[in-house]
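Asks: Below, each chain spelled out in residue letters.
4 protein chains.
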Amino acid sequence: MQEEKLSRREREKLRHRRQMLITALELFSEKGYHNVSMHEIAKRAEFAIGTLYKFFKNKEDLYKALMMEKAEEHHRVLMGVLSEENDVLTVIEDYIAAKARLFADNLATLRLYFAETRGASFNIKAGLDQDIRKLYDKFILRLASVLETGVRRKVFRKMDPYYMAVGLEGLTNAFLFCWLEDPEQHPYGANVLVIRDMFLKGVLAK
Amino acid sequence: MQEEKLSRREREKLRHRRQMLITALELFSEKGYHNVSMHEIAKRAEFAIGTLYKFFKNKEDLYKALMMEKAEEHHRVLMGVLSEENDVLTVIEDYIAAKARLFADNLATLRLYFAETRGASFNIKAGLDQDIRKLYDKFILRLASVLETGVRRKVFRKMDPYYMAVGLEGLTNAFLFCWLEDPEQHPYGANVLVIRDMFLKGVLAK
Amino acid sequence: MQEEKLSRREREKLRHRRQMLITALELFSEKGYHNVSMHEIAKRAEFAIGTLYKFFKNKEDLYKALMMEKAEEHHRVLMGVLSEENDVLTVIEDYIAAKARLFADNLATLRLYFAETRGASFNIKAGLDQDIRKLYDKFILRLASVLETGVRRKVFRKMDPYYMAVGLEGLTNAFLFCWLEDPEQHPYGANVLVIRDMFLKGVLAK
Amino acid sequence: MQEEKLSRREREKLRHRRQMLITALELFSEKGYHNVSMHEIAKRAEFAIGTLYKFFKNKEDLYKALMMEKAEEHHRVLMGVLSEENDVLTVIEDYIAAKARLFADNLATLRLYFAETRGASFNIKAGLDQDIRKLYDKFILRLASVLETGVRRKVFRKMDPYYMAVGLEGLTNAFLFCWLEDPEQHPYGANVLVIRDMFLKGVLAK
DNA sequence: CATGAATGAGGGTTCATTCAT
DNA sequence: AATGAATGAACCCTCATTCAT
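Chains as they are written, first to last, in our numbering: chain U, 1 to 206; chain B, 1 to 206; chain E, 1 to 206; chain R, 1 to 206.
One or more of the hints may lead you astray.
To be verified - Partial list, computed: chain B residues near chain U (C-beta under 8 angstroms): (1) 34; (2) 48; (3) 55; (4) 56; (5) 114; (6) 157; (7) 166; (8) 170; (9) 173; (10) 199; (11) 201.
Quick caveat, the hints were computed from the structure, so don't treat them as lab data.
Just so it is clear, CB atoms sit at the ideal spot from N, CA and C, and this is done for glycine as well.
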């Protein structure tokens, strides 16, 4: 898309940047942010250390770039699903499926993100987490608005749609982590069904 | 219990140990495991660095001790609640309340745990996480067995009680984090009610 | 000898001191002076660290005491042999045998001494080495005086007896180390014979 | 030989390495391996500590490199002398002279080696000492083979040439240390003559 | 006298970052 | 633009020594 208008030089640069980010992700998720050195990244990516610093002004910057790129991708995908014109229940189901796919494809990134950013771990939080939070808040509001439609159409009970969204997130996260940690014992299909069921019908007998 | 029979010397030692753990927790949750130095901990706790190392053979050991102690406390509290002889719904409600209290009292530890241990962050995971996982697995099974009772008594629908437990965990976590991050906007009472409602009745209109 | 006039208290003290020295020697020769800590010595000797410091004012002092004790013992034994009233050749033979026995019995100490003291290793040299040197010089002079008798009696060629002593020392050391490093390949008997032969007759054919 | 084809960069690197080794030797022989810190070496050599670690992966490695380099040099020189085509007695004399020169030029290294490596001092022994031993064993065998020639040509008595070599080593070491410790009292010339004399003719009157 | 908890200087080592080439 | 040698602050940890009990 954007690349087509770039000179060869610039296309190369972008390729290099991408290579560095991919390598960094690999290493970070193998060993954790603090246990990977810039030299290690440079070496594995087959660049000189100086070149790495031409692209990212320091280690934190590299980490942020990595996370933001992934966050934006996730955001794009999920917002896409939530924007499709379908009946609410189908949208929710599609959303769960899409989220599951993202989880499976980006296990490394997710683990890294939870490991490094969610705590008061370090000041990256200040910058990075906020940006990602902003995206996530936007997304939750979008999800809430979808659910609100459902409420308006009487598909759902009269509830605060924001809280419904929070609840849905909690359920999907719990089951998807469950699945990812032990896919054999907790197969994808079963999990998805239970998420839908619990979300829609709760657990009461009646 | 045990403390009463200790000599003054040993009671002092225990106090010192406790002080070090408290200080370490403070610092770790302010800045993250990797951004806190042993010197820093020693200084803030007002001990010499050597003294710190007399109590914990290295930094990782200190961290593990910290986490295990907290995990065991949580475990004890929650298992206690789940063991009370009450009708299932009351137990669940008590459990949510107890968990909320633990969250509120131990926000720092929780953040630290999620930030440092859950990812592939470092090899502490190998030892520590397993021990904590074992506790957590035990707990989930206990919760499932409570829920199973509910199923047997026809309070709940016929579902896999393990998945019910997973779902309940997901919901409570989501709402409690929500509450802790912005207690004014998402007050405790509202959250607890929504957890109970969503868990029990789901979101469907009927 | 001296001990009989000491009170029980003082005899105990001496026994403790001896125990500490023995333990220290064990550890030093297992691992080298710098790789053994005072705590380690105290623990293995079953004393508190403070008690160790009551007996030796610091680590260097302990080391010096150890070495001086051994040096004096060696000195006593070898000087004894050199003082016996026998013909020169017998004295020399006895001396070689006695030295061999000392080597064998004190391999650990010797290794330690060569390892730690002979180089400009550390300032122990200043104090300790000088004292030991003094003993050794005395001994060499005694050996020279025995050899001088041999010269006077025309048993030996007309040579500087001091240099004869140096030469004898060189030969015995070389062969005894040889023996100690690989007793099977270079058995004691063979070595002693060769020392005597080379010292007395040299290597020329005629 | 190899150096001439190196780039300026690489020649500089080699010079730096050499400078570090020289400085390390200076310090080690002034104070002993364990009493010299890497910081001290770096400072005296006028490099940053990190640079030192670029060249030697740790302190032990630096020490080993130092010793091996010297050992190889000695080996080369002495083997060279022993390989010259001369009558046996001349070769022996040349050998003594060459060894004396090496002793004089490398007093620091020798002292260090005897002080740090020969004892059970530390585990460098494991790796380093073995390598040096191998060189030394090769050398002793070479010396023995020279002496064997002497035996075959009836220059020497019928003796085990290996033991002759050991004896020669013992004598040279004793007298050369003697000379180095007090060159005024025990001048070079006198020592060399006595070595030769004692080795060849022994001390008996006849 | 004996004890052992406490001390803190100092050691080995790593690694993010810079800058001359 | 790319390189990689050089930097040095900062880290984790050890251990000789002291001193209150």
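Asks: Please go over all the hints and tell whether each is borne out by the structure.
Replies: Going through the hints against the structure:
Because the closest C-beta pair between residue 34(B) and chain U is about 4 angstroms apart, less than 8 angstroms, the hint holds. Taking 8 angstroms as the C-beta cut-off, the interface hint given for residue 48(B) is violated, the closest approach to chain U being about 26 angstroms. The restraint placing residue 55(B) at the interface with chain U is violated, with a minimum CB-CB distance near 24 angstroms, outside the 8 angstroms limit. For residue 56(B), the shortest C-beta to C-beta distance to chain U is roughly 19 angstroms, which exceeds 8 angstroms, and the interface hint is violated.
About 5 angstroms separates the beta-carbon of residue 114(B) from the nearest beta-carbon of chain U, less than 8 angstroms, and the hint is met. The restraint placing residue 157(B) at the interface with chain U holds, with a minimum CB-CB distance near 5 angstroms, inside the 8 angstroms limit. Restraint check, residue 166(B) versus chain U: the minimum CB separation of about 5 angstroms is within 8 angstroms; hint holds. Taken as an interface hint, residue 170(B) checks out: its beta carbon lies about 3 angstroms from the nearest beta carbon of chain U, inside 8 angstroms.
Against a cut-off of 8 angstroms between C-beta atoms, the interface hint on residue 173(B) holds, since the closest Cβ of chain U lies about 6 angstroms away. A least Cβ separation of about 6 angstroms between residue 199(B) and chain U falls short of the 8 angstroms threshold, and the interface hint therefore holds. Below 8 angstroms, beta-carbon pairs count as interface contacts, and residue 201(B) has one with chain U at about 4 angstroms; its hint therefore holds.
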